[in-house]
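Here the structure of chain A is known, so what remains is to put chain B in place on it, guided by the hints.
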Amino acid sequence: MSETILYISFEELCEPEAIKHEWVLELIDYGIATPVTGSSEKDWYFDMSSVVWLKKAVRLYCELEIDWVAVALIIELLKQKQALAQENQSLQSQLKRFHHA
Amino acid sequence: MEFKDYYQILGLKEDAELKEIKRTYRKLALKLHPDVNPEADASEKFKEVAEAYEVLKDPKRRAEYDELRKYGGSRAGGFNDTGNWQHAEGADHEHNNADFADFFHSVFGDRGFTQGGAQHSTGHRSHQHVYKGQDAEIEVPVFLEDTLAESSKTIQFSIPAIENGQVKQVSKTLKVKIPMGVSDNDRIRLKGQGGPGHGDGPNGDLYLHIRLVPHPLFDVQGHDVIISIPISPWEAALGASITVPTLSGKIKLNVKPNSNSGQKMRVKGKGLKTKVGSGDMIAVLKIVLPAQISEDDKVLWQQFKDKNAFNPRNQWSD
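Going down the list, the sequences are from chains A and B. Each residue of the first sequence is one higher than the one before, counting from 1 in our numbering. Each residue of the second sequence is one higher than the one before, counting from 102 in our numbering.
Zero decoy hints are in this set.
Within a straight-line C-alpha distance of at most 25 Å, the following computed DSS-like cross-link-like pairs (lysine-lysine) qualify:
{"#": "1", "chain 1": "A", "residue 1": "K42", "chain 2": "B", "residue 2": "K292"}
{"#": "2", "chain 1": "A", "residue 1": "K79", "chain 2": "B", "residue 2": "K148"}
{"#": "3", "chain 1": "A", "residue 1": "K55", "chain 2": "B", "residue 2": "K132"}
{"#": "4", "chain 1": "B", "residue 1": "K351", "chain 2": "A", "residue 2": "K96"}
Quick look at which bits of chain B chain A covers, simulated, 3 or more residues with Cβ under 8 Å:
{"#": "5", "region": "126–138"}
{"#": "6", "region": "277–289"}
{"#": "7", "region": "318–325"}
What the hints contain is simulated information worked out from the structure, not anything from laboratory work. The beta-carbon is built from N, C-alpha and C at its ideal position, and this holds for glycine as well.
One chain only, chain A, in its complex shape:
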C-alpha cells in the first residue's frame, strides 16, 4: 500500500519544488499558511491544505508578476469563494430536502 503523507516539512516543501524560503516566510506572515507543528523553520511541518494554498500563491506570484500583498488578497478571496461555494451547495441541498418529501 502506498504511503500517505498528511504533513510536509519546511525543507521538503521548499527544496524539490524550487520554492524560496523567504517566499514561505512571507506567506506565513500573511497567514496564507500556518505550520501545524514546530517553533522554528527546521522543525516546521505543514498540512496538505496549507501546501496547496502555498503552491497556488507561489504560482500567482511568479506568473502574474504581482507582489505578496496582492497574492495574499487573492488567496484570501479564493478561500472565501471556496467556503461560500461549499456553504451554498450545502444550503441548496438542505433546502431541496426540506421542500420535497
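Same frame as chain A, now just chain B:
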C-alpha cells in the same frame, strides 16, 4: 510542427513595445490564470500566453523569434525546425520546464521557462537537465461513512511521462490508505507517485484531492451532519419517539410535544470524525401531511379546526 504566432496569441502588433507587452500579458494572465479561472480551457490558454510572454519580454529571444517568424513562420505547411538555428547567447533563465510547449522547446531548447516575470527556481540546473517530475492531482470520491474509520481505496489514474522524447500517458494503479476523519477538499500526498523525474531528479508527487460524495440523507456543515426528519402533524403536536438513521446505525430520537417544522435537534457525537472527537448530527424537523386525506380524516380535521382558535397569520391581521 505548427508555427506559433506569439504576437497573435497576445493580440499585439509586431512592433509592440516592452511596456505594452507586459501590460497585455498581465491583463490576460489575470483573466486566464488557472488558479482564478475555473474554465476547463483556461490552463491551456494561459500556458500559451505565458509562453508567448516568455519570449517577447526578452529582447534577445524576441529578436531570435522575429527572425524565425520572418523566414520560417510564414511558410506554407507550418514551421519546420531544421536544427541549424543559432540560439542567441545570454538568456539566463533557470527553469523547471517539464511543461514546455514543443514549439518553444524546439526553438529555445532548455534555456529556461519561468512562466511569468519572477524566477521560480532556486537551483542552477539548466546544464544538468535535472528536475523534479510533475506533480499530479486526482479527485478521490469518499463516502461519508468511510470517513468514520481508516479505509483503503484502489485508485487508477494516468500521468504524462516522457518516453523516447514523446509525451505518453502512463496508467497506474495504487492501493492507498484514506485516514479517518478526512474532510471535503483535503489533500493527501503520495510521495514520488507523480510524473517521473528528469535526469537524477526525483519523481513528482501525487496529491489525492478528497471529495465527499453527496449523501442521500445527510448534508455536511463543517464536522456536523444535517438530516431532515419528516414527522406527522400529530407527532409534532403530541411528541413521539422515532427511529432515525445516523452514519453509524439507527438511534431513537424523542420529539418533544408541540414541536414545529424547521426546529433543530442536536445529537452529540453523531457527526463526522475530527482529530479531537466527533461532530454532531443536527436533525431538522419537517412536518408532512399525508398525500391523501380520507373523508373520515376531513371530519376530524374539521372538528379540530372548530375547537381551535389558532391563527398562524395573526401577526398579519393589523
